[in-house]
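There are 2 protein chains.
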Amino acid sequence: MAHMTTPRVRMSPDARREQLIELGVQLLGRRSLEELSIEVLAEEAGISRGLLYHYFGGKQEFHVAVVRRAADDLFTVTAPRGSGSPLEQLAGSLERYVDYVRDNYEGYVSLVRGAAGGHEALREIYEESRTALTDRLFDGAVAEEASDLGLTDTPTVRLLVRGWAAFMEEVVVEWVRDPRGVTREELLHTLVGSLPGILAPLRPA
Amino acid sequence: MAHMTTPRVRMSPDARREQLIELGVQLLGRRSLEELSIEVLAEEAGISRGLLYHYFGGKQEFHVAVVRRAADDLFTVTAPRGSGSPLEQLAGSLERYVDYVRDNYEGYVSLVRGAAGGHEALREIYEESRTALTDRLFDGAVAEEASDLGLTDTPTVRLLVRGWAAFMEEVVVEWVRDPRGVTREELLHTLVGSLPGILAPLRPA
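Residue numbers (the UniProt record's numbering), protein chains in the order written: chain A, 1 to 205; chain B, 1 to 205.
In short, the hints are calculated from the structure, not lab data.
Think of the CB as a built atom: it goes at the ideal place given N, C-alpha and C, for glycine as much as any other residue.
Keep in mind that a hint or two might mislead.
Claimed, not checked - Restraint ranges, calculated between C-beta atoms of paired labels, are given here: (1) B:Arg96 <-> A:Gln60: 36 to 44 angstroms; (2) A:Arg81 <-> B:Arg184: 37 to 45 angstroms; (3) B:Glu34 <-> A:Glu128: 22 to 30 angstroms.
My request is simple: use the sequences and hints to build the entire structure.
See below:
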């Protein structure tokens, strides 16, 4: 159950707010943003709606705080780790990305799909998040003298990487929704190869 | 100017409705769906709003009719032509797709972005359109014994092609919005290679 344990010690307002945002992110795993109301959070946290309005001002602000935290989590979770080749590091990041989407499906979908639907602040967080995730690829490419990914920092590559992010989102969301018999290993194998695949036409023949 | 010439002969209601839908599609090239009101259409067509409500019932129905027509147009425009290799035919279709998005930018973006935003009927048309466009790739692959595209009809390939459609939309819309110095030729070269590139990881090593 997502119910929080009642705090035994008096928490600072900031710490309390942080804790409520974390709970919101957790709840977003199994329900869409639309379904995540102040009422739901109040019930799950076992505190009054009035107090929540005190912390967040309103539903909109609450959603923005939760989605921003979820985007930060995704960024942290998918950070390159270890010291393998760029392709091995990419494979690790993608694996954690796939698992993140699987474990936070409803919230992730409502972020990706909802970003297109008019809520300007959420759209901005989504854009920032995608930009941060893809920019990081170029940091890696710069650090690595002889990248085997073909990630040279040119306008064409930037454009293709942006498209690749849309490809990833679509494939992973769709796979989590309905795996169609495609295994996690098959999925990861194709995802890792897709970035060099998309960049292949740029290589000198 | 988009003003229609006043019809000299009495048109049947169906023909008149068709003509108004065509005008709507045309207007969608330079304005978003939100900006395409019954009022705008009435002014451009030089007929009364009352008559338009008679033909379409309301703004919602008018939008659905226009977007459906636009989707049909896109399907027709991007149909494979000629008798080249599958890759040559793909190149031709992509070229016409890029030009279509360029020439119908506002409407196309409001379809793609707006599909995510709650309007269920438009979302359906968008999904149908994308499915029709990608299904056609498999018709071609079946017809061609030795496809050089790697489009065998498996769940994994279907999933990747779905992702590729999202990739295409993102790259082309973004390129039309801001070409960043990437030429149409460079763009087309990378787009044509992206499909075999995405499918490359599935090829036996």
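Going down the list of hints, with the structure as the test:
Arg96 (chain B) and Gln60 (chain A) have their C-beta atoms about 42 angstroms apart, which keeps the hinted 36 to 44 angstroms range intact. At about 40 angstroms, the beta-carbon gap between Arg81 (chain A) and Arg184 (chain B) stays in the expected band of 37 to 45 angstroms. Between Glu34 (chain B) and Glu128 (chain A) the C-beta distance comes to about 24 angstroms, which sits within the given range of 22 to 30 angstroms.
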